[in-house]
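Visitor: Sequence:
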Amino acid sequence: MDLLIPSTGLLFWMTITFLVVLFLLWKFGFPVITNMVAERKAFIDDSLRKAHEANERLANIQKEGESILQEAREKQAQILKEAAETRDAIVEKAQDKARQEGARLLDDAKAEIEQEKKAAIADIRRQVATLSVEIAEKVLKQNLQGDRAQMDLINRMLDDASLKK
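Per my numbering, residue 1353 is the first one in the sequence shown, and the count goes up by one each step.
Calculated from the structure, these hints are not laboratory results. Think of the CB as a built atom: it goes at the ideal place given N, C-alpha and C, for glycine as much as any other residue. Please note that the accuracy of each hint is not assured.
[Stated by the list, open to error] Mimicking DSS-like on lysine-lysine, the simulated pairs with C-alpha atoms at most 25 Å apart in a straight line are:
id, residue 1, residue 2
1, 1427, 1415
2, 1402, 1379
3, 1462, 1449
4, 1433, 1445
5, 1470, 1449
[To be verified] Label pairs and their calculated CB-CB ranges:
id, residue 1, residue 2, range
6, 1427, 1463, 28 to 38 Å
7, 1461, 1433, 39 to 49 Å
8, 1427, 1401, 48 to 58 Å
9, 1470, 1507, 51 to 61 Å
10, 1452, 1477, 36 to 46 Å
11, 1374, 1410, 45 to 55 Å
12, 1430, 1466, 48 to 58 Å
13, 1363, 1402, 25 to 35 Å
14, 1439, 1477, 51 to 61 Å
15, 1424, 1460, 25 to 35 Å
16, 1509, 1478, 16 to 26 Å
Based on the provided sequences and hints, a complete structural model is requested.
Guide: Right, here's the structure in full:
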């Protein structure tokens, strides 16, 4: 029955041994264990704080990135708008210049045609005058072969000249 109910001496020595081990653990073991647990808790708390700060910084960086992207998009839209306006202005300027050049060429062509027309008319008048003189000369030679016909023609011309004045 010694197994179920220990003897008093054994119980005494077991109690003394337990108390010595408890004292040694209390004096040397538990402070080391509690210090290690406290250090581990401080390390975990510090890691959580740093992770929280990193998440906040990451969120701020993302917000800054989004604002930078938005600014870049706005600048891009502004640059594209300015480029389109510049392109339109250049095209309009080129069209105006082409219209002016076309009008100038048309005016030059009209002036040249007018000069050519006047030159042609003057040339035709000269040729007609020359032909008229030649025809008149031939007609007069034919009609004025005698002295009497020449005198009649001179008298008629003098009469016409005096009537016109």
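Visitor: None of the hints should be skipped; say for each whether it holds.
Guide: Here is how each hint holds up against the structure:
1. 1427 to 1415: holds (18 Å)
2. 1402 to 1379: violated (35 Å)
3. 1462 to 1449: Within the cut-off at roughly 20 Å; holds.
4. 1433 to 1445: With a Cα-Cα distance of about 18 Å, the restraint between residue 1433 and residue 1445 holds, given a limit of 25 Å.
5. 1470 to 1449: violated (31 Å)
6. 1427 to 1463: 28 to 38 Å: violated (53 Å)
7. 1461 to 1433: 39 to 49 Å: At 42 Å between Cβs, range holds.
8. 1427 to 1401: 48 to 58 Å: This hint is violated: roughly 38 Å between Cβ atoms.
9. 1470 to 1507: 51 to 61 Å: violated (40 Å)
10. 1452 to 1477: 36 to 46 Å: Holds - the Cβ-Cβ distance for residue 1452 and residue 1477, about 37 Å, lies within 36 to 46 Å.
11. 1374 to 1410: 45 to 55 Å: Because 50 Å falls inside the window, the suggested range holds.
12. 1430 to 1466: 48 to 58 Å: Given a distance of about 53 Å, which is inside 48 to 58 Å, the answer is holds.
13. 1363 to 1402: 25 to 35 Å: At 54 Å between Cβs, range violated.
14. 1439 to 1477: 51 to 61 Å: holds (56 Å)
15. 1424 to 1460: 25 to 35 Å: violated (53 Å)
16. 1509 to 1478: 16 to 26 Å: holds (24 Å)
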